[in-house]
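If you read the sequences in order, they're chains A and B.
Using the working numbering, the letters of the first sequence correspond one by one to residues 1 to 793.
Using the working numbering, the letters of the second sequence correspond one by one to residues 1001 to 1291.
Treat the hints with caution; some may be incorrect.
[Said to hold, decoys possible] SDA-like mimics (lysine to any residue), calculated; alpha carbons at most 20 Å apart, straight line:
hint	chain 1	residue 1	chain 2	residue 2
1	B	LYS1042	A	LYS568
2	A	LYS442	A	SER673
3	A	LYS459	B	HIS1035
4	A	LYS568	A	VAL525
5	B	LYS1042	A	HIS59
6	B	LYS1042	A	ARG304
7	B	LYS1042	A	GLU305
8	B	LYS1042	A	LEU145
9	B	LYS1042	A	LEU222
10	A	LYS50	A	GLY39
11	B	LYS1242	A	SER486
For the record, the hints were derived by calculation from the structure and aren't laboratory data.
A quick note: this is a predicted structure, and the numbers were derived from the prediction, not measured.
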Amino acid sequence: MAKVLTRVELNGVVNDVWVEVPENEPAAWPKQAELAVLGKPLPRVDGPDKVSGRAKYTHDVNLSHMLWMKFFRSPYPHARITSLDTSRAEALPGVKRVYTYENTPDISWYANRSKLFDTTLRFVGDEVAAVVAVDEHIAADALPLIDVEYEEMPYVLDAETALSPDAPAIHEGGPQDAPGARNLQGGRPSLYTRGDVEKGFAEADFVIEHTFRSPCQVHACLETHCSVAAWQGDKLTVWDSTQAVHPVRESLAQILNIPIANIRVICLYSGGGFGSKLWINKYTVLAALAARDLGRPVKVTLDREEDALAMGNRPANVMTIRAGCKRDGTLTALTLKNIGSVGAYNAGAGVGTPLREVYRCPNVSTEESNVYINADVARPHRAPGHVQGTWGLEQVLDILAEKCGLDPLDFRLRNYSDTDQVRNLPYSTKGLREAYEKGAEKFGWRDRTARQALSRGPKKRGFGLATQIWGGAGGPPGYAVVNLYSDGTAAVFSGGQDIGSATRTSMLQVAAEELGLPADKLSIVMGDTQGTPYGFVSGGSRTTPSQAPAVRMAAAEVKGQLLELAGKQMNLPAQRLSTREGYVFDTQNPSTRKPIAEVTKELQFGFGTGDRVQNMLIGKGWRGPNPADVSVNSWGAQFAEVEVDIETGEIRVLRIVAAHEAGRLVNPLTASSQIEGGVIQGLGFALFEERVLNNASGRMVNANLHDYKIPTMKDIPEIESVLIDLPDARANSVGVKGLGEPPIIPTPGAIANAVADALGVRVFETPMTPQRVLEALEKGLVLRAQPEEGRRA
Amino acid sequence: MIPASFEYFAPRSLEEALQLLAHHGTEAKLLAGGHSLLPMMKLRLATPRTLIDLGRIRGLSYIREDGGRISIGAMTTHAEVESSELLRRRAPLLPETAAEIGDVQVRNRGTLGGSLAHADPAADYPAALLALDAECVLTSQKGTRTVVAKDFFVDMLTTALQAGEILTEVRFAADSPRTGSAYRKLHHPASGFAIVGVAARLTLDATGKGSAVSVGITGVAPKPYRATGVERGLLGQTLDAKRIAEASAQATRGVEPLSDLQASARYRAAMAAVFTRRALAAALGRAQKQG
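Only chain A is shown next, with the shape it has when bound in the complex:
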């Protein structure tokens, strides 16, 4: 079998991976193929379990004789432990053990820059010790009995200060330990250039430059991080609230030095991950170690504060964008300088992809710095970088459109790009133009001035739009197995997980379509390493485009075997047969047909019945390579209608029309759910969410859902999904692309543009709190008295 290197993107990071090219992969369904199950609004297969409370989340796992673990965390943003005494805590009745750097194996962490327990603490929330006790209350009572003395060290909490020459170094030694760059990850910014930006700006009739500030946003998963570990002899079972059951298993095997085959990791249901649960966590390793040491299962659940302090975040960014265009709206140059705070250890804080890729522009340069600060480490957060980058870029577009006297939509259409300008490749498919058209129509974009009249008193209406790109190709590795049983039912075993995005339902639809079975004849298992083949993380909008082709390939193999069996029974060549809606039928004479369940009866087990050797049909599938000669992306545009109270600064988002294209539409119900979730989370970024650190202590002052506001029912606008169904035959055999991340990306930009439309002034900082809106209004009144900036003679 041929092996090739193929390009796989995860959260903006591109890797080349080797993959076997499948020989018998079914050809992509034709665009106009009439499909029986795919594209239909099948309700979620796990819906009844979830709404009835039967679904067991990691937090629900309680085992007999289980112990509880709780963490003692650093109260200081930068400190060295000078002494640590756990004797008082250990003396508390019910406490079984206290783990610290003194009695825990030397396990390296943060890419070898730290350890499971380090003596140097680099952020508030850094792990100092873990208490294991017979119940959660006693574990909590023991924490204040741990006596720690620290040597406090100077700290820095924001990226701009961290880059100054006299900033304290967060990591000592190495090439970075130079003034001005000592906190710069990798020692230098990452650079990109195409064309000649100076020439581009010289050609422009209008040039503008603005600085946009976006804060650190925490993931705020409704299910906080949690693990339960239990040993049976040398076999370890871990229930983990994760997006990566298979990768977590591999990590545990490596860290604990035990065989992969001896570990089972389970996460059947997830209360949100959004990128914060993509890999192994310290608490999971410690729960496994403690469960082995103490001979009892160990459960660890983080509380809301710990989740906010130590489980990742979307980094804060300071983005300066300079843009030039001709009088007719043609973009001539775009530059970005981005400073992002990654936290105390390595992470990504780039935001430049949308600026480099969305619009046609010959001259582009970006300079992006990932900067260490004394705060929790960033993790991918639903569409990392794209949310912030798009929020800034789309406002720049609107400002230029206004200067040219062009409608924002026309301005974007003028700069529509038919090729991937970074890789010099055509797009496999690009449904953005259709998203613009259908979204605008649904929204009433062209007639919006009539709705302006709905402004009442101090409440002003505004309208805005924004565009979205995402690399939604997915890719290997991803495996699936399909079994067809003697009663004509089938089971699907797929790598990857359903992290709430209805992946089980989608995969089941793919298998049902290929097998020609009604969906209710199938069951599916995902999220349990025992019984499912390998799948990579469920993140980066990769699950559906990675797993669906594998599931289809496995189902196709089973179908081939089924048709062989049916051919013998029906005295017809297997090649003439196909399946649909539970029947095997003769393609040349469709009325000649036989129920699949009748065909499979022959598989029934019985002693001494004929020469049959099989009891079920098994098919194996895997994800093949991505196409090398096209660029695969998901596209979308959102339109926002807002009402702003100019006396109080309160913004109310009234309506979002979200038009998205992610290849073949698998299921309109679940696709709409994805879109609604993304829009709601994007609204939180735009209006509410901001991690606030106290400069005097380095501590987060709003590590709870009272002071850290996320959207709830009363904040949620009318959300109308416009689903563009555009099967992408080049992307993969099912024609699907990822839709997990796309819908969060354009929401903040669309809202920001709508707010600017309502007010006549812009808020250059998120979240757009009432206070910031009023400040922008006051500043706008001052600015209007001054001559317009940026206009070239």
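Take the given structure of chain A and dock chain B to it, following the hints.
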């Protein structure tokens, strides 16, 4: 999210509760709904040794009118205040305020007395109580005493309640003719508490002049207060939008507004003026409707 351990009592009578309170002294906290106390205990911001649950005492939950005076039992829930026909007719400011507290679950469990005794500076009720010139009845083993609302709120989370005392009742006068009232607030985006909450009640004389004007403001200062500067600007005056706007500019006169994550002192002061104007304008419209 795990409270420290505590002792729990659920007395069946007020006498029993007073006895327990006298016995346990400052180690005890009264549980009267628990929507403020329990979260504080879970965060271990409050670690009382003893909880005395007032929820099973009969006779502390009522709303009645006697000779133009309304009395409300301290264990009356927000939902009961919100839906009371009597109050809607005779003192609509209180149900309008109750409807703005938290969410349905909070209003079903939280009580008038619990909210007032907790004295959260961002609670809604205190603004209304000040505007209604209410008085609070405090009961101890020694007997009862009454304290006017203005004196009941002493400071942030501090009231005139002495050791051994339980707030048992709130009283105030029902609306007289040609009276209008309104409660307007700027919601905390997450909790719904008042960043600024303004309760206004005004009465017009036969010529349309303000014969009684009271404005209670919560959320702005460490304790709720009467905006006397605003009231003075309107008393005896012919009331209209312009005069209300002018007078509302005095909403924070003599107070130092709080500053926090959600609102700086400057923003709070500006919003106090806006919401005072909005509350007064709505109250005036309602008073005029009664013609």
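Compare the structure with the hints numbered earlier in the document and write down the numbers of the violated ones, lowest to highest.
Those not satisfied are hints 1, 3, 4, 10, 11.
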